[in-house]
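Residue numbers (our numbering), protein chains in the order written: chain E, 1 to 255; chain R, 1 to 255; chain U, 1 to 255; chain V, 1 to 255.
Since the hints were derived computationally from the structure, they do not count as laboratory data. Warning: the hint list may mix true and false statements.
Intra- or inter-copy, both count: the list cannot distinguish identical chains.
Claimed, not checked - Below, simulated DSS-like cross-link-like pairs (lysine-lysine); rule was C-alpha separation at most 30 Å, straight line:
id : residue 1 : residue 2
1  : LYS153    : LYS16
2  : LYS16     : LYS181
3  : LYS153    : LYS29
4  : LYS45     : LYS29
5  : LYS158    : LYS3
6  : LYS45     : LYS72
7  : LYS19     : LYS153
8  : LYS16     : LYS3
9  : LYS181    : LYS29
10 : LYS3      : LYS181
11 : LYS29     : LYS16
12 : LYS45     : LYS181
13 : LYS45     : LYS153
Protein chains: 4
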Amino acid sequence: MPKIEADSFILVYRDKRRKWLVRVSETPKLHTHLGILDCTSLVGKDYGTRVLTTLNDELVILKPTLEDIVMKFARKTQVIYPKDIGMIIVKCGIHSGSRVFEAGTGSGAATAAMAYAAAPEGQVYSYDLSAEFQAGARRNLERFGLAKNVTLKNQDAKAGIEERDLDAALIDMGDPWELVKPVREALAPSAMLAAICPTMNQAERLVQTLHDEGFVATETLELIARNIEARPGMTRPSMFMVAHTAYLVFGRKLL
Amino acid sequence: MPKIEADSFILVYRDKRRKWLVRVSETPKLHTHLGILDCTSLVGKDYGTRVLTTLNDELVILKPTLEDIVMKFARKTQVIYPKDIGMIIVKCGIHSGSRVFEAGTGSGAATAAMAYAAAPEGQVYSYDLSAEFQAGARRNLERFGLAKNVTLKNQDAKAGIEERDLDAALIDMGDPWELVKPVREALAPSAMLAAICPTMNQAERLVQTLHDEGFVATETLELIARNIEARPGMTRPSMFMVAHTAYLVFGRKLL
Amino acid sequence: MPKIEADSFILVYRDKRRKWLVRVSETPKLHTHLGILDCTSLVGKDYGTRVLTTLNDELVILKPTLEDIVMKFARKTQVIYPKDIGMIIVKCGIHSGSRVFEAGTGSGAATAAMAYAAAPEGQVYSYDLSAEFQAGARRNLERFGLAKNVTLKNQDAKAGIEERDLDAALIDMGDPWELVKPVREALAPSAMLAAICPTMNQAERLVQTLHDEGFVATETLELIARNIEARPGMTRPSMFMVAHTAYLVFGRKLL
Amino acid sequence: MPKIEADSFILVYRDKRRKWLVRVSETPKLHTHLGILDCTSLVGKDYGTRVLTTLNDELVILKPTLEDIVMKFARKTQVIYPKDIGMIIVKCGIHSGSRVFEAGTGSGAATAAMAYAAAPEGQVYSYDLSAEFQAGARRNLERFGLAKNVTLKNQDAKAGIEERDLDAALIDMGDPWELVKPVREALAPSAMLAAICPTMNQAERLVQTLHDEGFVATETLELIARNIEARPGMTRPSMFMVAHTAYLVFGRKLL
Numbered sequence: 001m002p003k004i005e006a007d008s009f010i011l012v013y014r015d016k017r018r019k020w021l022v023r024v025s026e027t028p029k030l031h032t033h034l035g036i037l038d039c040t041s042l043v044g045k046d047y048g049t050r051v052l053t054t055l056n057d058e059l060v061i062l063k064p065t066l067e068d069i070v071m072k073f074a075r076k077t078q079v080i081y082p083k084d085i086g087m088i089i090v091k092c093g094i095h096s097g098s099r100v101f102e103a104g105t106g107s108g109a110a111t112a113a114m115a116y117a118a119a120p121e122g123q124v125y126s127y128d129l130s131a132e133f134q135a136g137a138r139r140n141l142e143r144f145g146l147a148k149n150v151t152l153k154n155q156d157a158k159a160g161i162e163e164r165d166l167d168a169a170l171i172d173m174g175d176p177w178e179l180v181k182p183v184r185e186a187l188a189p190s191a192m193l194a195a196i197c198p199t200m201n202q203a204e205r206l207v208q209t210l211h212d213e214g215f216v217a218t219e220t221l222e223l224i225a226r227n228i229e230a231r232p233g234m235t236r237p238s239m240f241m242v243a244h245t246a247y248l249v250f251g252r253k254l255l
Numbered sequence: 001m002p003k004i005e006a007d008s009f010i011l012v013y014r015d016k017r018r019k020w021l022v023r024v025s026e027t028p029k030l031h032t033h034l035g036i037l038d039c040t041s042l043v044g045k046d047y048g049t050r051v052l053t054t055l056n057d058e059l060v061i062l063k064p065t066l067e068d069i070v071m072k073f074a075r076k077t078q079v080i081y082p083k084d085i086g087m088i089i090v091k092c093g094i095h096s097g098s099r100v101f102e103a104g105t106g107s108g109a110a111t112a113a114m115a116y117a118a119a120p121e122g123q124v125y126s127y128d129l130s131a132e133f134q135a136g137a138r139r140n141l142e143r144f145g146l147a148k149n150v151t152l153k154n155q156d157a158k159a160g161i162e163e164r165d166l167d168a169a170l171i172d173m174g175d176p177w178e179l180v181k182p183v184r185e186a187l188a189p190s191a192m193l194a195a196i197c198p199t200m201n202q203a204e205r206l207v208q209t210l211h212d213e214g215f216v217a218t219e220t221l222e223l224i225a226r227n228i229e230a231r232p233g234m235t236r237p238s239m240f241m242v243a244h245t246a247y248l249v250f251g252r253k254l255l
Numbered sequence: 001m002p003k004i005e006a007d008s009f010i011l012v013y014r015d016k017r018r019k020w021l022v023r024v025s026e027t028p029k030l031h032t033h034l035g036i037l038d039c040t041s042l043v044g045k046d047y048g049t050r051v052l053t054t055l056n057d058e059l060v061i062l063k064p065t066l067e068d069i070v071m072k073f074a075r076k077t078q079v080i081y082p083k084d085i086g087m088i089i090v091k092c093g094i095h096s097g098s099r100v101f102e103a104g105t106g107s108g109a110a111t112a113a114m115a116y117a118a119a120p121e122g123q124v125y126s127y128d129l130s131a132e133f134q135a136g137a138r139r140n141l142e143r144f145g146l147a148k149n150v151t152l153k154n155q156d157a158k159a160g161i162e163e164r165d166l167d168a169a170l171i172d173m174g175d176p177w178e179l180v181k182p183v184r185e186a187l188a189p190s191a192m193l194a195a196i197c198p199t200m201n202q203a204e205r206l207v208q209t210l211h212d213e214g215f216v217a218t219e220t221l222e223l224i225a226r227n228i229e230a231r232p233g234m235t236r237p238s239m240f241m242v243a244h245t246a247y248l249v250f251g252r253k254l255l
Numbered sequence: 001m002p003k004i005e006a007d008s009f010i011l012v013y014r015d016k017r018r019k020w021l022v023r024v025s026e027t028p029k030l031h032t033h034l035g036i037l038d039c040t041s042l043v044g045k046d047y048g049t050r051v052l053t054t055l056n057d058e059l060v061i062l063k064p065t066l067e068d069i070v071m072k073f074a075r076k077t078q079v080i081y082p083k084d085i086g087m088i089i090v091k092c093g094i095h096s097g098s099r100v101f102e103a104g105t106g107s108g109a110a111t112a113a114m115a116y117a118a119a120p121e122g123q124v125y126s127y128d129l130s131a132e133f134q135a136g137a138r139r140n141l142e143r144f145g146l147a148k149n150v151t152l153k154n155q156d157a158k159a160g161i162e163e164r165d166l167d168a169a170l171i172d173m174g175d176p177w178e179l180v181k182p183v184r185e186a187l188a189p190s191a192m193l194a195a196i197c198p199t200m201n202q203a204e205r206l207v208q209t210l211h212d213e214g215f216v217a218t219e220t221l222e223l224i225a226r227n228i229e230a231r232p233g234m235t236r237p238s239m240f241m242v243a244h245t246a247y248l249v250f251g252r253k254l255l
């Protein structure tokens, strides 16, 4: 049962909307509108502890999950949602030892989730032309201990992918069809290509390109996540929701 | 690049509705309405190959993915869908080394998916009172090489769970609230409990029990998977779909 | 309280899947797998009556609703769903006295629903190039007493619409953008154009044309109808559903 | 082609979020952040006109639709959505001449929509215990010319409904099951009862009561409205949406 250490990340939790992901060493005192929390005093304690702020408000200290971490990555780029990355990981079969291509790196959120699934043996090769995005992603991956399972490449995957015989590929770019040929060369036969397409038009054109370039078993789907307010005698779906993140496109490489 | 071996499983694929998951050694000749496929002749070839049946019909030989395998498990029990198990794996953070509780084993489909994510170091402890279900699950897990990451226990988890400090727990039973106390004892503090609840009433009662028993950050959601027919100039959602599988309930253990 | 007459339509109802819409005079004996029902014996009785078949099976005699009737229209063409036609009627404000354009007539199902809403004073002008469709629609409209509120025109609306100052227009054709100009001439200023578009591409192109041709307040939406199985302690959405019927596009004519 | 009059309501429209429903006589000058609009100058003009504000910003003058009007009603009570009221009107077959029961009146939005569908011959009998709600509803119904098709009753429908042989009934109250018996007495045989139930638990209990009290053909459903952003080459569902309004429950009275 690991204890909280000076170097640990903690999730300070009050409710769905009021929660803070901080590192004890970086945030010795967490100032919130509910009062100040002395994070340093948590060192040596268990996760799952209840604590009081200076205003006597009760907070809970949780160990950040992959989701807690990944949802913090996105800033300048679009977020990748747990529902989508979970589906991609299961459909691509990413697990310990998997070697996975990714373009683009973006915030590094999907990179992190795939690296987490591929650890300790696997590797995510993530290409992005933006040095700025990659610097941000690198910082996040290092902070959360996922950097060793990621190779960041600040280069244009359209010009060629250096890896071969990869187990899976994820494309998260505006023109995914431009990546189909290089991804085809990089994938092992029968391996899965996945893509994140915000618009119908992207999905339509990508599927067409996949058929033209010798991919089979193509599939396009969207996952809609609906929150439910489960309360005794008053259970109902939440009134508002994220209606759309992206279409997910899949296809498998033929020889 | 692994070749097809006599012992390999292959997915013989024609389209979404016509596909067969077989083992070469067990099905030397695959008889389909499209003709007979000589599976033995595939040994030594690459996955991703196109082959002809005796009726000159083209089929494709793919390497079965986790999804292909898991969707074959269910027979007498309800199937667990990739969208749901993907979300559970991501939200629970199941990855190499994770130690996970499960009740009940059922067909072993969720067991297999979690074992796949937890391999090579982790372990799924799966309880089920039905010896018949466990025998079926064991057979499937062994066939697909996932048995070493699963401990099947033919006993009643309500009477107590023997493991401690587990990283996550999945409950897939009709009365999940009856498992909350034993799961609480088995989980590490801050660890995630997940449950699969087909009905609103189950979700409602489970969430109430979770609050009563010291779980926080509870969340109930459903994932709706919508297939899209992406065709040039004619893209639209599929006309029919699986409208509901289950509500997913999550909560984290407080000390 | 109207009684059942020889000329009446009745809905013989057992459950959602087993129900028959018949006219007493045309079906004096209704043969079902639950036995024979003597419909003639119902004359003079109230709707809402329980009756027995020759096999002693209980059935219920209901007065057909608009939905019961309209869902019977479609045969060779796509059905229009109550959810969609309800939204169209409300958004277009079709009510007694409304004068409405429609293309094409198809099965006459939407025609019937709009005529029902526009009766007794209004009129639906429905254009279709197919004489066969219009003959089928006419037969149905006459049978159900809705013909007097419909003017069927076996002509090409693209070549021009003869009416002017209409209150609303519904386009249900594969190339709705081709109708925008003639519909614009036929509509009163500020009036609503509605269209039923099965594919995203149709919706996209139609909206573009609407903008080009001086329509404002364009809106595209889809309605997803989800059935719920409400049973004590076991309430849940139905497992399967119609996932997609069509996108609905709306726009209002500017001067 | 009716012109704008001093007494007319107009919808001043800029886009989905910036629109104002006003009456010329009550708002001679409309002050907006886009400038001032001289509404009086519109008298005698056609709807569908483009006009300029004092800041030279272009606005469009539309004739308010039923939806524009009804969405303005709600203030202290929950809004009824066009998708839901459209479905209710179609399923209940409310049209010119229909006599309809309603409880409660609430903001009068559903009352207005049903009165609009039942006009000019029909009548909505709307019960509500709250004199305040009914005063608000009456004001709105009068303003929009729908009062003559509505009878507001400031009394408790649970204590009895005075009408008989009604064509349909709509229940929009927290405890709809309490209304089933009086509604049953008020409805014509075979007529439809509809109810708006925000929670699963309400739907579940209501359906049970309907079965106990001799209603058949019960049906529970929810309509999910999803907005689509249809833009050339970039079509996709909107990112956020109203995820839930209410479950709709229907049932038909047996003798």
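Now the hints, each set against the structure:
no.: 1; hint: LYS153 <-> LYS16; verdict: neither (36 Å within a copy, 36 Å between copies)
no.: 2; hint: LYS16 <-> LYS181; verdict: between (43 Å within a copy, 24 Å between copies)
no.: 3; hint: LYS153 <-> LYS29; verdict: neither (37 Å within a copy, 46 Å between copies)
no.: 4; hint: LYS45 <-> LYS29; verdict: within (16 Å within a copy, 61 Å between copies)
no.: 5; hint: LYS158 <-> LYS3; verdict: between (46 Å within a copy, 29 Å between copies)
no.: 6; hint: LYS45 <-> LYS72; verdict: within (24 Å within a copy, 45 Å between copies)
no.: 7; hint: LYS19 <-> LYS153; verdict: neither (33 Å within a copy, 38 Å between copies)
no.: 8; hint: LYS16 <-> LYS3; verdict: within (24 Å within a copy, 49 Å between copies)
no.: 9; hint: LYS181 <-> LYS29; verdict: neither (51 Å within a copy, 35 Å between copies)
no.: 10; hint: LYS3 <-> LYS181; verdict: between (48 Å within a copy, 23 Å between copies)
no.: 11; hint: LYS29 <-> LYS16; verdict: within (21 Å within a copy, 45 Å between copies)
no.: 12; hint: LYS45 <-> LYS181; verdict: between (52 Å within a copy, 23 Å between copies)
no.: 13; hint: LYS45 <-> LYS153; verdict: neither (39 Å within a copy, 33 Å between copies)
Violated hints for the displayed structure, listed by number in ascending order: 1, 3, 7, 9 and 13.
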